[in-house]
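With the hints as extra help, turn the sequences into a complete structure.
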Amino acid sequence: MTLSIPHSLVSFVIPSSERSDPEPVKSSLARARSELERGELREALNHLRRAADGADQAGSEQRAVALARAAADLATEVGSSAAPPAVAPVAPPASIVAPAAGGRRAAEDAAIRQLLESGRAVEVAVKRSTREEGLYVVRRPQTDVPALGARRAIILLLDPDDSYFDAPAAP
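Residues in the sequence shown are numbered from 49 upward in steps of one, following our numbering.
Each pair of labels, with its calculated beta carbon distance range:
#, residue 1, residue 2, range
1, 68, 156, 39 to 47 Å
2, 109, 181, 22 to 30 Å
3, 154, 193, 20 to 28 Å
4, 160, 207, 13 to 21 Å
5, 162, 114, 37 to 45 Å
Hints are computed from structural coordinates only; laboratory data are not their basis. Think of the CB as a built atom: it goes at the ideal place given N, C-alpha and C, for glycine as much as any other residue.
Shown next as structure tokens:
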């Protein structure tokens, strides 16, 4: 979907490639620039985010942060430029009482904790690969805060084995 470019984006510039950027970062930045020029703001944003992830994967932390900041700036503009779809309000039937959201969340958290403790589930960090479309990198989290571009997730194991993701024992 092509959006008209808002006035605030007329002066927005996709960061230039740097000599030290790996090829996937350079390619993503070129695509982001091309999409922005065509008015494809969401596609430009996707490619800019891929460039940030690529810089992070390459170990260029400062470059990754700079590109992620540019992506955040563009995301703010994209979000404010697209009008949300109109939704007609629907009143719930009088006979149905909605459960407390907090109660449902607490029950879900308890169920997840039980799966983790039983070895049926493992908490992981998932990150989209910048090298191959459709490939995801899954790792055990090293900290409570996922790395740039990673998301916390739970993998449900069909056969319980809480040591499956542990490091192999040294020979």
